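Read off the chains here:
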Amino acid sequence: MEIKVTEPAPLAMEWRQKKKEKPLGEKIIEGMIKTGGVSCIVLIAAILFFILKESYPFLVGAFNFKEFFFSEEWYPASVVKIRYGILALLTGTVLVTVISMLIAVPLGLACAFYISEFCSPKVREIYKILIEFLAAIPSVVWGFIAIMMINPTIIQLFDVPIGLNILNASIILALMSLPLIISVGEDALRAVPETYREAAEALGATRWEVATRILLPAAKNGLMAAALLGVGRALGETMAVLMATGHSIQIPNSIFEPGRTLTATIAAELGESPKGGEHYQALFAIGLVLFCLSFVVNLTADYLIRGRRQ
Amino acid sequence: MFKPSNHLLNKEIKEKKFKNLLSSITFFLFLPALIIIFWLFVKGHSALSWDFLLMDPIEGMTAGGIFPTIIGTFWLVVISVLVACPMGVIAAIYLSEYAKDNKLTRIIRLAILNLAGVPSIVHALFGLGAFVLFMKMGTSILAASLTLAVMNLPVIITSTLESLKAVPHSYREASWNVGASKLQTIRYIVLPNSLPGILTGVVFSVGRSAGETAAILFTGVAFYLPFLPKSVFDQCMALSMHLFTISTQVVGVPDAFPYATALVLILLILSVNSIAVVLRSYFRMKRKW
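Those sequence lines, one after another, are chains A and B.
Position 117 of the first sequence, counting from 1, maps to 117 under this note's numbering, and the rest follow consecutively.
Position 88 of the second sequence, counting from 1, maps to 88 under this note's numbering, and the rest follow consecutively.
For the record, the hints were derived by calculation from the structure and aren't laboratory data.
Fair warning: there could be bad hints in the mix.
Unchecked claim - Simulated pairs of lysine-lysine, BS3-like, Cα-Cα distance not exceeding 27 Å:
#	chain 1	residue 1	chain 2	residue 2
1	A	Lys122	B	Lys14
2	A	Lys220	B	Lys19
3	A	Lys122	B	Lys286
4	B	Lys3	B	Lys17
Stated by the list, open to error - Computed list of chain B residues with no C-beta within reach of chain A, every gap over 10 Å:
#	residue
5	Ile58
6	Gly64
7	Ile275
Being a predicted model, the structure only gives us computed values, none of them experimental.
Don't be surprised by glycine CBs; every beta carbon is placed ideally from N, CA and C.
One chain only, chain A, in its complex shape:
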């Protein structure tokens, strides 16, 4: 017998057609939503574009790779010979970032362990609100605290002539990046499946053993990402380090000497440099360096976090 394929009923056809055709209004709105989704890519590209655009004349003109990265002489307004070397500034940034992370990462991760594994839910809620509170203190207030509170404390404790120095900035940066490190670290610990802990405890492991032998390796990537995000935060911080580092362009010999960072240099000098001048363009070139540094740090952190999930 021959099978005859019947056409669908006309009504159903019409309905199907209608479903495919969206009303114009809906199409427009969906188009807008899609554009909105892509806007972030456009924005990040625009940031790169405008910083490149403003620094371009410097990059093709006075820019000298060797001098820029390997000379510590930053004399953008010198009458005799203008020099643009960011080595001292770069060292300042690296120093305060590294020292602040030496303080903040162990403490922050210890704190994340405590909040995630050891304390009761009620205490956890209180600490979480405190973390949000700590994270909400703006950087200019931290800078103010550095000047008014940590500065005299350092002078008294270590008997040094000036308390606005690398150590001061590192302490402030450590306090500022702690909330981020704690909350990302805690997320990483919580992402370890409960079954891991149960299995270990069933074998007679104490919580200390669970924490060090099970959780630490299992959440390794996430914890490293937490540290890296802290680095990103410390690297890009502007106002607090501007106020805390003491503002002298030199490679510091000890943590009790003042220094200056890349971010602080832009903040301090951009207002005084004539728009469109070489100095102004050089500051944008520093911005470009900062943009690239934060880009690398963020991509690595993201890679680590995603690695953990897979």
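Use these hints to put chain B onto chain A, whose structure you have.
Chain B only, in chain A's frame:
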């Protein structure tokens, strides 16, 4: 009779020590925050008065009050949120409802991540290059607010995305099955259900932009401006910037003034944030799923 072995006892003692160590570290980490607030209050409360809040700064900022800075901060924050909020919500809707798991989506995610990680001073450079110079807005409230908006965008997107994703997928399926289109589902099911979460994120971002200094430094904020802004193309003063100015740049400011300014700034941000915290816990209680 059963007696724990020495080995086990040792383990227990070690465990207790470890726990005590961690809890004291945590406690001492949060101590500074409380000390700071207390100390700002002790030093600053003598200058706090209605006069301080409602007067213009006079005599080269060594007397008077901080009224224009509060107004300036208010305008900056309001305009930036008005810009960033719709953009952020739309981008989050795209990512949560439309985006497929492909390369483009991954690039968008990375862009958001980097936008959030770019240092604030680089945002300031961007604002200066794009808004102040290229779009010829000049150093104005508008340029500064737009810069703040770009800074806040990733924060709003991330929090919105989280609350959109929290709406159970079965809600959407139910809506599609009764014949609603994708857009209708978003408009009548997804958005109303995630509104509380979106709001909380936005309120947090208000607190964040109120304290931001570096991003508005070269885009719209003046050191000292004895009159209130008349339009968005004027410059303005800002609370955070004022704190920077009177604590580092001006000589002869009474001791209590910067403390009081910092106190006002922190209290302002804290009250905004507590609104967000209250909102969040209230809606969490009322949540249907």
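task: Take a quick look at B:Ile275 and tell me if its Cβ sits farther than 10 Å from every Cβ on chain A, holds or violated.
output: 12 Å, holds
- prompt: Within a Cα-Cα threshold of 27 Å, do B:Lys3 and B:Lys17 meet the stated pairing?
  reply: Judged against 27 Å, a Cα distance of about 22 Å means the pair holds.
message: For a C-alpha distance cap of 27 Å, please report whether A:Lys122 and B:Lys286 respect it.
response: 20 Å, holds
- prompt: For the pair supplied as a hint, A:Lys220 and B:Lys19, is the alpha-carbon distance within the 27 Å limit?
  reply: 21 Å, holds
field: chain A versus B:Gly64 - minimum CB to CB distance exceeding 10 Å, so not interface
entry: Answer for B:Gly64: holds, closest chain A Cβ roughly 20 Å.
Given pair status - B:Lys14, A:Lys122, alpha carbons within 27 Å: 25 Å, holds
field: B:Ile58 non-interfacial with respect to chain A [C-beta, more than 10 Å]
entry: Holds, since 22 Å exceeds 10 Å.
This entry satisfies every hint, going by the numbered hints stated previously.
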